[in-house]
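Taken in sequence, the protein lines are chains A and B.
One point on numbering: in the numbering used here, the residue at position 29 of the first sequence is 271, and numbering is uninterrupted.
One point on numbering: in the numbering used here, the residue at position 291 of the second sequence is 297, and numbering is uninterrupted.
Honestly, I wouldn't trust all of these hints.
[To be verified] Lysine to any residue pairs mimicking SDA-like chemistry, simulated, CA-CA at most 20 Å apart:
id : chain 1 : residue 1 : chain 2 : residue 2
1  : B       : Lys230    : B       : Glu161
2  : B       : Lys230    : A       : Ile558
3  : B       : Lys513    : A       : Gly698
4  : B       : Lys513    : A       : Asn697
5  : A       : Lys785    : A       : Ile558
Because the hints were derived from the structure by calculation, they are not lab data.
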Amino acid sequence: MGDRIGRVCVIGAGVMGAGIAAQVANAGVPVLLLDVAGEGPDRSAIAREAVARMVKAEPAPFMSKQAAGLVEIGNIEDDLTKVALCDWIVEAVVERLDVKQSLYARLETVRRPGSAISSNTSTIPLAKLVEGRSEAFVADFLITHFFNPPRYMRLLEVVSGPKTRPEVAAKVEAFADRAMGKRIVHAKDRPGFIANRIGTYWIQVAVNAAMDLGLTVEEADAIGGRPMGVPKTGIFGLIDLVGLDLMPLLQKSLGSSLAPDDPFHASLRTLQLVEKMIAEGHIGRKGKGGFYRINREKGGVREVIDLVTGEYRPEIKSVPPKGDLAALVATKGKIGEFAWGLLGRTLGYAAALVPEVAEDIVAIDDAMKLGYNWKFGPFELIDQLGTANFVRRLEQEGSAVPALLKLAGERSLYRVENGRRQYFGLDGEYHDIVRSEGVLLLEDIKLGSQPLLKNGSAALWNIGDGVTALEFTGKMNALDSDVMELIAKAIPLVQRHHKALIIYSDARNFSAGANLGFALFAVNIAAWGEIEKLVAAGQQAYKALKYAPFPVVAAPAGMALGGGCEILLHADAVQAHAETYIGLVETGVGLIPAWGGCGEMIDRWTHSGRLPKGPMPSVARIFEIVGTATVSKSAAEARDYLFLRDRDGITMNRDRLLADAKAKALSLAEGYVPPEASQYRLPGASGRVALRFAAERFHRLGLATDYDLIVSDTLAELLSGGSADLLDDVSEAELLALERQGFMARIRDGRSQVRIEHMLETGKPLRN
Amino acid sequence: MQLYQAPLRDMRFVLHELHRDDGFGGLARFEQFTPDLLDAVLEEAGRLASEVLLPINASGDIEGCRIENGVVRTPAGFREAYDRFREGGWCALAADPRYGGQGLPEAVNKLFEEMICAANVSFSLYPGLTRGATIAIEGYGTEDLKNAYLPKLVEGRWSGTMCLTEAQCGTDLGLLRTRAVPRQDGSYGVTGSKIFISAGEHDLTENIVHLVLARLPDAPAGVKGISMFLVPKYLPNADGSLGPSNGVSCANIEHKMGIKASATCQLDFDDSTGWLLGRPHKGMEAMFTMMNSERVSVGIQGLGLGEAAYQGAVAYARDRLQGRSLAGSRRPDLPADPIIVHPDVRRMLMTMRAYNEGCRAIAGWVARAIDAERHSADAETVRRAGDFVALMTPVVKALFTDLGFETANLGVQVYGGHGYIREHGMEQHVRDARIAMIYEGTNGIQALDLVGRKLGAHYGRYLRAFFHPVSNFIEANGQHPKLGGMVQALGQAFGALQLATATIARKGMKDPEEAGAAGTDYLRLIGLVAMGHVFAKAALIAVEKLEGGDPESPFYKAKLDTAAFFFDRILPGTMALFMAIKAGKESMMALDEAAF
């Protein structure tokens, strides 16, 4: 059989199975989703309903409408033979050995030889799953353990059995990596694999410690959350998210299969409070609330359960302690005791699991970072505490010191040597962390080189083969005059010595746009000249990118909003991570796009061929997209708004984004010709009237405020070409001047200023 | 002999003409007070200042307060003056009508305060602190406390104090030790020792109501563990009559450089009964309500003394004959020309005049904002007015008291040797003015408040309330045919202020010491720009009036001349301040501590 996966079957249309199927479809690959046959006339009802649910769900499992169309539904009674057409069969049925085994027996008869079969089990050992199967089946079988939700969680734990053919595993891994965007972590065939084994233990230890020390839920989450690099929901918040009812199931399943001397057992307690909460339906966010709840009867106040009395009471915000981790665990009193109690046990447990659950510490750190969204893995946390300090404290309290840590002694678990990051191995030596082929990270490049240019908000790096990367480095990657200055400096440098430029950042979000805090301060001190200068500088920098004598490829991931979107619009091509959320959101804060974004959108829509000819249809469409601050919910959806064009690429695996962008840039470099300056034919005054009419309809329906009307009128004036006549061509420079003029009018308005301030202080738009 | 006549014409200008377009709504909302009525109040207040308070100013300074067996006696004439003050209803002038106040606008009250301070700043402290205490009780007291205390305070039968400072804690209230222990009946037993308590003990009122900062038994350390308590000298009975003494005793009064007729007391509280004002541990909040109001009033003290010094200096400069004018003799009939002909004497007089008129105009602006914040029905106006008051409070306090001291000093200088002796009363102004730069937060603390708490708050929102009107004014009037030059000069100074603001915001975010090093210069810079703004506005009005041939043209002509002097001679100081701010902290912090 070929090593390509062109069609997939997922069996089991529960949350996980359906989500896995959706992610396969997101990769553009047809997928068959089967579940048991229903009783009624629609025998595929279960799978059909699963897909229907997903189309409506938020956050959406599908990246686009087209993706939803790639899912074929069926049931295992009538459609199992279709499995023969599939290159990979993912089993995601109920966590019962007998059910899985009998399904495998049936699959054996219908599947195509050589097709891969994997189970999404989270607890059952591989050896048990394949009991009684043919050798050929066993050779094609592995465990692929996805995390919920499968679209958004980047971890995939893969367990190969002793008889699994390496090429089968390689095929599945390559597909999961490149097409589904997962980072593969190889786990051993041990209960709970890596992330859930450590994560479950961590949660139990935290709950026990909080109760023993008499901490409140808020206090425990304040200490066990951000200071440790854990999402700010904290641990109790995480339990609410996962569901309290799942806790006993996971505990039971893990507890029954782990060795009797595993510390896991000691962490298990019967918690009457939790049992009571489950019995009363307080199972977390999917139920009537959990440790936290929103009390709607009391006007939506957030309440928290008192761990002693079991009664809800209003939340008492707890401020996370400041300072580094070492200081935190050394803090006297409950805070320090809780921090150490949690870290000492959890990290010690993780350290004792090498090599039981994974070959090296990198796999464990990756699993916790990508599977539990920890900012740092357990071994990175130990390095923050200092290996020697950590061991000394374990010894002081009479805890067992894991062999790995004894071996490390005074040495750190990670180090940088000759510009390469290395990890400490069980052999007592350091080893390079080797990235998969086609994985390029700026953080690796930075270890071994100096930037070509750098200032407070941006840097330019040489990423090899004649390609440079411009990185945003300011707080939240905000765009400011420093970024524009660096762009202006980078262009002649790249022209002289390099072939292409990529705009990229390793950060979670590409850029949410201009530095609004800076802008608001400038507004408040009435520095109108400075603001207009910054608008002009941004326009010049972006146009300079557009007309640079070399290709510019933007490679966004996460949010690319406002000015962060406009820079994409000026690039020759975009290579976007699949999870990129693009939009011109300026109207949300009472402004309009003014770094050339409006003109570029007009250009795109006019030449798209998607709309009837003439200036009005394009302008009306852009008016709608920009006027409502539309943000695409994925890179795929961004094509609908022409934030991305056909020539732009999408990379599913975040780790591969920079390498893909680099390849794209090099492919454009040969014989590159910069684009010609645009001329616009705009609808003029009559167009403006039509746009205003549309906006007023919104206003009448109560969908737009009075000030929304004024903002959209500024936008309408710009998009219709100001005082232009239908017969005049409007030059790029004229349109930029209109952008500046409209922007300044709006930012000088007190109502826009209130919107900006509200956005900065609350993170939410104000509808004034 | 000290002189003082309330500058009623300029006060009416500030009250009725200058700020009509400030966007704060103005006096119209006080419809029961017609302009004529307000003018009459001011006139009457001026008479009170000149006829009742001024005559006991120098004598009070010489005699000072005395303490005998814990009883403090104010100087001769103070009790009688206070009785007239109270009986005239002056204690109640700006207070809430619900508690017997007259509810006059703050815009009028600040002018009244200026007169009282000009005539007798020691005296002003007795009713002044009562006003602060009234505001705190209005804001944080229970209904019972309000009903029991406010009418008496508003009437002036009882007076108030602010008890913050202790021997080990001045600026840093986190070090405070006074304790408050809850009792069964909901009251607290307050024990501790306070120093520097103005009007802490005296013989002017029947009772004294102390607002005391203290710690509850479970209080967190530092300023987050401070609560405020109301502790009367005598516990009132249910019917309002005075009950037993409450264990508050005055151990001593301070011997001070100035304001000698104001009793500055060391107070001991011995399990004195008190009631909590506001929430436990949130005393700083209540304290700041009172303190912010006091800070503006302390600024007014500087202005008042500046005006008194100016009037004294002008009289002397007209009268004193020395030398001949450099341009040739002006009064050949006399043995010498009056010294007012000499440029350097003019320099001093014009500087004093410009500072006084500038500060009075700023005070009027801030007072109108205080009125708007209290009374406007429009939420946006309340917010903007509150922002403006928050920004300008440290400016008014520090700028006015710095300039008031400078003006008082110039007053001595105009008199030469006769200023340095007691007889003319000019040196008393210097001594009396000195304290205002120190108490209610030293002027250094005001500068820190400005750059640390006000400048960056809400992304600079407080600044907006000042910068936007100034910027709009410059944009609108930069091309004015007669005053274009003045407005452009203002524009330049404003530009320097914008740059300095952005610089401090940028540097201060990374390094708070940079903000600290810039604070005092920055406060003066923003103060001078504010003064430039009000002078330019005044000049605009004056030019219109003069063109229209107003019968009061001498007043407007003088206003225009004073504005011109300000723009030529004082506003350019903004450039030096800008250069100093730009230089940053380096040379300020470089010298080794050991080398001092």
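Hints violated by the structure (listed by number, smallest first): When the structure is compared with the hints, numbers 1, 5 turn out to be violated.
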